[in-house]
Structures are given as C-alpha cells and as structure tokens.
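Chains as they are written, first to last, in our numbering: chain X, 1 to 206; chain W, 1 to 748.
Hints are computed from structural coordinates only; laboratory data are not their basis.
We put the CB at the ideal spot given by N, CA and C, even for glycine.
Fair warning: there could be bad hints in the mix.
Within a straight-line C-alpha distance of at most 25 Å, the following computed PhoX-like cross-link-like pairs (lysine-lysine) qualify [what the hints assert, rightly or not]:
#  : chain 1 : residue 1 : chain 2 : residue 2
1  : X       : K13       : W       : K74
2  : W       : K74       : X       : K64
3  : X       : K13       : W       : K54
4  : W       : K291      : W       : K232
5  : W       : K299      : X       : K18
6  : W       : K340      : X       : K18
7  : W       : K382      : X       : K18
8  : X       : K64       : W       : K340
9  : W       : K54       : X       : K64
10 : X       : K18       : W       : K371
11 : W       : K296      : X       : K64
12 : W       : K261      : W       : K232
13 : X       : K13       : W       : K371
14 : X       : K64       : W       : K291
15 : W       : K371      : X       : K90
16 : X       : K112      : W       : K382
Below, a sample of chain X positions facing chain W; criterion: calculated Cβ distance under 7 Å [to be verified]:
#  : residue
17 : K31
18 : V38
19 : S42
20 : M58
21 : K167
22 : K169
The lines below spell out each chain.
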Amino acid sequence: MSDLNTQAVMRYKNSFLKEVEERVEDGYWVKMCMQCGVCAGSCPFGPHWEHSPQKIFMMIRAGKRDEVLKTDSMWMCTSCYNCIARCPRKLPITHIMHGLANYSYRLGLSPKGQPNQAIARLFWNNAIKSGRVNELTFSLAMYFKDGIVQGIKNSLAMQGIGLGLMKAKRLNPMEILGGHTCKDKGSIHKMIAKAREIEDRRRGLA
Amino acid sequence: MAEMKTAAYICTGCGIGDVLDVKGLEGAAKKDGKMAEVKTHAFLCNAEGVQMIKDDIAGGVTHLCIAACSRRAKTEAFSFPGVGISRANLREGVIWVVAEGSDHDEVRQEMAEDYVRMGCAEVKKIVVPGGNVKQSSSKRILVVGGGISGMTAALAAADAGYEVVIVEKANALGGFARNLVKRVPFSGPYAEPQPTGIAEMAAKIGANPRIKVHLSSTVTETAGAPGRFNIKVAQESGAVTEELVGAIVQATGFTPYDINKLTELGGGQANVVDQAGLEAMAMAANGGAIKRADGKEIKSVVFVQCAGQRGSGGNGNGTHLEYCSGHCCATSIKQAMYFKDANPDVDTVVMYSDLRVPGMGEDFYRSAQQKGVIFTKGKVAKVAGGASCKVDFNDLILNEDTSVDADLVVLATGQVPNAGVNLDDWSAVVTLADGGDEAAKAKTVEMKKGSVLNLEYRQGPDMPQFKYGFADSHFICFPYETRRTGIYAAGPVRRPMDMMQAQEDATGAALKAIQAVENAEKGRAAHPRAWDLSFPTARLEGCTQCKRCTVECPFGAIDEDEKRFPKFNEERCRRCGTCMGACPVRVISFENYSVDTVGNQIKAVNVPDQFEERPRLLLLACENDAYPALDMAGIQRLSYSAYIRAIPVRCLGSVNTIWITDALSAGYDGVMMMGCKKGDDYQCHFVKGSELASYRMSKIGDTLKQMGLEEERVITHEVAITDHERVAKLINDYATQIVEIGLSPMKF
C-alpha cells in the first residue's frame, strides 16, 4: 500500500464519499446522482465495463473504496460525452470518471497493465518531454511497451501504414532523433510542476 | 299553463337551404309535426331572427322547435326562458355528415325531415320546468375536520362571503399538521422546510366573524339535502347543538398506518418510529440535536420509504396498503434535513425503490442531496430495532444483500383515510338486520359509531367509498364531485396527498360547496346539469313499489315514504334520469325529459317499409360525451350513414328499455347506444349510469328473442368525447352490419 493511500484511509476512515468529494476532480457531484441509469444506458462501452457510472456512484456512496479504486471501469471511458449530454442532473460524468482514474493511479491502486492507462501514461510522458507530441516516438513506445519481440511484431504489422504516411509526407523518420520541440521546454516543465503542486495541495495529496 | 301554441323555425343559413329542400322541411313541420306556425329564416341566430322568435313568444307561442344547428351550438342566441324548446339538428346532424352529391339527396332530405318531425314531436311533450319548490335555503357551509384542508376550505368560503361552521374532533384546530415541526416547502426556491403556518391560520379563523368553530365535537346526525342539511353537533360533554347548513365539506384527513402492524420492518420495536413519531422527537429537540427515547443523541438514521405501502412493490411483506401515499418521499427528505440542519455530521440515509416528489419536489430533493443526505436505492428485507438498529436490504443498483447500522429507523408509513363507514359492509349488515338478525342490528349501532357524517340516508351513514376506502370522488372527470350531492370531500380523505395538494383540494371543495348552496337556492340541479330546473316526479298511482329507482339512483336522492313509495329529495337529484330508465312501469319523468319526449321522437320518424330496402337505425347518444363527439364528427365533415337517427339522452342510465322495444316493434332495424366508459375508471358523468345501462342491456337479449329478432340489433358502445372519428366509423360499420343481417322482420 502506498503512503498516499495509507494516509487517505486514515484521514477519511469510512467516508469514501467525502474522500471523493474532496480529492477527485468534480467528485462533489457524485452525491447529486439520482440513480436514473441514463448514463449506463448511454455508454457505447456499457457492456464492457465492470461497473457502469451509475453503479460507481452508488458504490462510492456505499463506501466501497477498494472496489471503486481498483476497478478498470473508469479506464474504459472513451470520452464520447454521451453521458454528460444526457444526464438529467447535469453531472459531468466523463470528467468524474477521469478524475477517479487519475486518483486511483495516484494512490497506486489502479490495475496494472490496463492498456488505456498505459497509453495515457506514454502520451503524457511523450507530450511533456518537449511540449509537443512526437508521433513517431509515441507510436514506437506503444509498439514496444510489451517487449522487443512484441514490438517488432507490432511494427511489422503496421509497416504498410507507416510507409504510406511517409510517402504522403505525414511522417518524418528523422523525428526519431528527438524531432522539433517547443521554443522553451524548460518553462513548460516549470509550469507543469507548479500546476501539479497547486493541484496536489488543493486535493490534500501534497 | 296556458294553452299550448306551437311554432317551428327553420334556418336556411350555414348551407342548410342550399342542400336541403326547404319546402319539404316546412311540410314536415306543418303536416307531420302539426306546428301551428312554421317560419323560415335565412340567418336565424342573428339579431333579426332571434327577434322574430321573441316577438312570436310575446304573441303567445309557448312551444317552439328550432330546426337549425345542434343543440350544443348557439345556446345563448336560442335561449328563451319560459318556453319549451326543442332543437332539430340539421347542420351538424345532417348536412355536415351526409356525403355530398346528388346521389345522397334523397336520404339527406329524408334524414332532415325526420329530424324536423322529431323536434316537433318532442316539444309537444315538454312541460316548461318551474324549478324545485324551495323548502328552505341555507347558504352556510359545514366543514367537517379542522386540519389544514378544513381550515383552508373554511377560510376560502368565508373570504367569498359565506358563513362557515367547522366541526373538529380534537380540542384545537390544526389536525395532523399541528404536530409538524415544519412542512415540505410550498414556495420558491423549494430548498428548505418551511413553517407550517397552522397557528396563524387558526388565529385567522378565530378572528373571522363568519366562521363558527365547534371543538371537541363530532357530527351525530346529518339529515336533509343541499340547501337544507340539518346537522346535530355533539360535544364531548354530550351537549348537542343544531346547525342548518346548505352544503358540507368533508375534510376528515387521514390516520398514519399502524406501525405496529409492520412487524417485518421492526414496527413496535424500540427506536423504530414512523414519520409522526420522528416529528415528535424533532419537536422535543426544538432545533437542537435530536435524541432517542432512551436519551441517546442520534448520529445515524435510516428512512425506510414505502413502508407497508404499494403492495409488494414497496417495503414490507406486501399485505398492507396497496397504494402510494404521495407525500412520504418529500416528508422523509424534510425529516432528514432536520438532522442535517442541526448537525451535518449525522448520517442520514433515505432508502427508496422509487423516489417520487410531486410538484416542485425535485428542487427539494436536490437540496437534500447537496446537504449530504444519502439516497440508497434498496429493498428492505428486515429491520432490527433496539439499542443499535440494523437494516438488512438488497441494494437494487449493486444487486447485493447488505446492511446498514443506525441509531434510529424511521418507517415512512402510508395514509389511511378517515372516511367513515364503508357502505358495502354497511348494506350487507343492514340486509341481515332487516331480516331480523339481532346480532346484525347491534352491529349497525356499533358501525355507526365509526361514522363521520351520520347521514340519515337510506344508502347509509357516510358517502360511498372509492378504491382502498377513500371517500368518493369522480376521479377522472370531476375529482371534487361525490355521489352525495352537496357533500364534497377534500384533502387526504379523498386520495393520498401532501399539504400543498390538500390546500388546493380544499379550495376547490369550498368552491363546489358554494355552487351547491347557490344552485339549491335557485331550485336548480347541481353539477353537471347546474342550469337544469326540471326535477323528477313519479305518478304514484302507477308505482308498483319495486324500489328499483331508490336502489339505482347513484346519488341517494330517492328515499321511501311511509307507504314505501319513492320520495324524491330534489336538491340531491342530479337530473340524470337513471330512475326514469330504471322504472319498469314508466311512472317517473321530468317535465322536459320523459319517456314520452323521447318515445314521441322515435315514433315521429318515418320508418321505410320493407320495399324501400333502406334500414332505419336509432342512436341513443349520451349528451355528455357521445353527442358532442357526433357534433364534432360533423364539424370535421366526417360522413356517416344517413340511415341513423340520433337522439341525445341525459345519460345512458336514463334509457328506458321501452324505447328500444318500441323502436324495434315500429320497424327500426337496429338500435345503437353510445355512452361513457364504465367500470373502475368510469367516465360516466353520473357515475353509475353507463354501468346500469350496460347491465340492463345485457338482459335485453331475451326480449329480442321473444320478438324474433337477432341480438345484434341492439348494440352499446363506450365512447369518449374525443372519439369523433370513431363514432362515424362505428355508425358506418353498424349500418353495414345491419344490411348484412337483413331488414327487420317487424316491418313485414
């Protein structure tokens, strides 16, 4: 158990709803759910989630902390925004799902090896490194995330598309050397560090 | 009345003169209708046409037939008080519904001439009603029950200028609401509980010179009829006061369902209370921390919704109340707020399966969620009371059995109406008692002790009860109306409701009571024939004392006199004519509506003989829904068969079977009836009329068989006022069906 998690358990004891309200992005909306189930019915990924948003809200109220934070459900959200558009109580459900995913990741409780989580992490790391997403290194990092053999297999499978992109001048192989970056990388890193510090302080994660 | 002088007026406007042969119509009125005077006008409803009629009336015309549009049209122009009027419906009934073109000229003209003949025949049998003879007329209004409904009704009536008498069983006004800390919000922003305002209302009543209040009192006798109810009010001490009133509002409210019967939900155990119990605890806390009976401060509370309500759909074993009481969700939300407002750290869980907050309750619900009240969708399996309560439940979202601990459990029990004696039970006991059963006689005395109004009516001491024991209501069309004219139920005694609805209900009932006293004073009927001055009379020398009229009258208007003859209480009568339809010897009639007024119309129709190969169909249409639907079919220019001759009747209940047998004997090929919906969700304006008609018609098969006729020749349909397309289709289908069956053998 991570230190952050131990602290959170100590702090909120059995009031998981309160923990979510204070620490999860838009978490204070959870209590306003009226359990109509429109979000669950609207979700295009509905059948593939372990728990629908409706159930997750109910589980939060019922204090099922471990089950909520360890499930991969929130990671299945594709941000299609159907649920937000349809929620009669105007809950920002998509944002709450991402907030919950982020929180569980911060506490070290999120499911290991969850592919969407891996992509999100690779994307973030790639983007903040130079202030721009380097599509070539991001794709390669994805292909090779499960080892060299799988990486080569993935690359071969995608080589047609890659060559096509190069022909159409949509992919520059020279980008592998680091590519173009933002003018002032250092400042971007500072900005992100500051934002994170503020955010953590607000959420009690400092 | 002076000698009858008749006149017929034929309007040729609205296209009537263009498609019909007016000379033929005049001939029908003159020759067959035997009208002393027949006049034609191109625009009868304009000032000139109306003046012509008025001049003739001044010149001595006493009975007139207006052959123009439907009786439902131009009612103001063609309103001539003091004379008998009939209307031949040439516009909506003929030219707008018979298919266009010269192919149909002959049947169209036949139909129009028949309607003129029918109108002339009808008016000659009409006696101009003089209105009910006034016996006395009190305009005071009695309000039984001094709760929020009763007080609202009393204040509304007093503000409108009427004297009010309130009878309240308890020693103070306020009823159930008197024991509430606050009420569910009734004005914006609907976010916080609001003061009940009961004390202010009671003070207002005390200061109002028009309102007289009897506290610690009950009604021990109600005799008479609208405009002249004699009330005996008995105090706890035994002193009896007599009051004369014109109408009654019964606002006797409800009693919470007995929590001790809810053993499966912990009813009767320590720290399991109902909503009334929680109000008492909150009242004692006076805004501070709410404490249990054992003095412990409550830190967690679970509200169990639908406790012993909604049958198996709610919580409990499903053997308690079948219905939803409507107010309990909002009430629990309010009570959860008592806790949250005193201390936000108290855990409040509302356990529901379907949360229903009528009115602006959604805002209140959201407000509670914002305050941190937890709403859990679950079905309770078991409640254990005691020092530490536990609620076992099935979480309906997560689909798992689980439990929650609490210091206190509040059961949201339902409303049980205080509607007095159930008349079905009553009549069963009375039948036994009349048969000489001593135990049953004792039982009637015992039952009467539970009565609210103690009516001196042959039908029993209280108003009839609706579903689940609620006081009577014409639920679908006229919710304030009951089957006891001049007596109106308001508030949760009529149907489950919250305070806001009860107040609205009470205002409506007060208005109905005002209408009742005003109509009674003018000698007129009450709703829905409030303009009607006619009333039923019986030719007693022909009466066989069969009692059908007294039993079948839906409104308890007919008593029996010492000689067992029917005795009409005209003020209670709604003029539906159900007694007239019931009477096997046809001695009951109204001045302007009788066996003869309709019978003569039936006879006035020219029935084609067997060689003409045209059927003739009679349609008896209820004037409340079916006849307007027929008019609407005309307005929409939907065509239907010209073989039909429609006669409006006050209610299908007033249809006397003699009309049907007479028509069939005269060679009509079929009789169609259209009335309102019957059954539990009836729409009959007179409650039982269509049901009785349907029962009577179910017996007519034997008569038809004796006459050698097919049963299909008499048919009844339930029709709603919106059914204009359907009525046209029903008529056409029936005409086709009769042609297939063949012409009536009675013609030969």
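Taking the hints in turn, this is what the structure says about them:
1. X/K13 to W/K74: Roughly 78 Å separates the two Cα atoms, so the pair is violated.
2. W/K74 to X/K64: violated (72 Å)
3. X/K13 to W/K54: With a Cα-Cα distance of about 91 Å, the restraint between X/K13 and W/K54 is violated, given a limit of 25 Å.
4. W/K291 to W/K232: Violated, at about 45 Å.
5. W/K299 to X/K18: OK: W/K299 and X/K18 at ~17 Å, within 25 Å.
6. W/K340 to X/K18: holds (15 Å)
7. W/K382 to X/K18: violated (28 Å)
8. X/K64 to W/K340: Roughly 23 Å between the alpha carbons, so the hint for X/K64 and W/K340 holds.
9. W/K54 to X/K64: Roughly 85 Å separates the two Cα atoms, so the pair is violated.
10. X/K18 to W/K371: Cα-Cα ~12 Å, so holds.
11. W/K296 to X/K64: violated (29 Å)
12. W/K261 to W/K232: The given pair, whose Cα atoms are some 36 Å apart, is violated under the 25 Å limit.
13. X/K13 to W/K371: holds (20 Å)
14. X/K64 to W/K291: Violated - the C-alpha atoms of W/K291 and X/K64 are around 30 Å apart, more than 25 Å.
15. W/K371 to X/K90: Judged against 25 Å, a Cα distance of about 18 Å means the pair holds.
16. X/K112 to W/K382: Outside the cut-off at roughly 40 Å; violated.
17. K31: holds (5 Å)
18. V38: violated (13 Å)
19. S42: Violated: closest Cβ of chain W sits about 16 Å from X/S42, beyond 7 Å.
20. M58: holds (4 Å)
21. K167: violated (53 Å)
22. K169: For X/K169, the interface hint is violated, since the closest Cβ of chain W sits about 53 Å away, which is over 7 Å.
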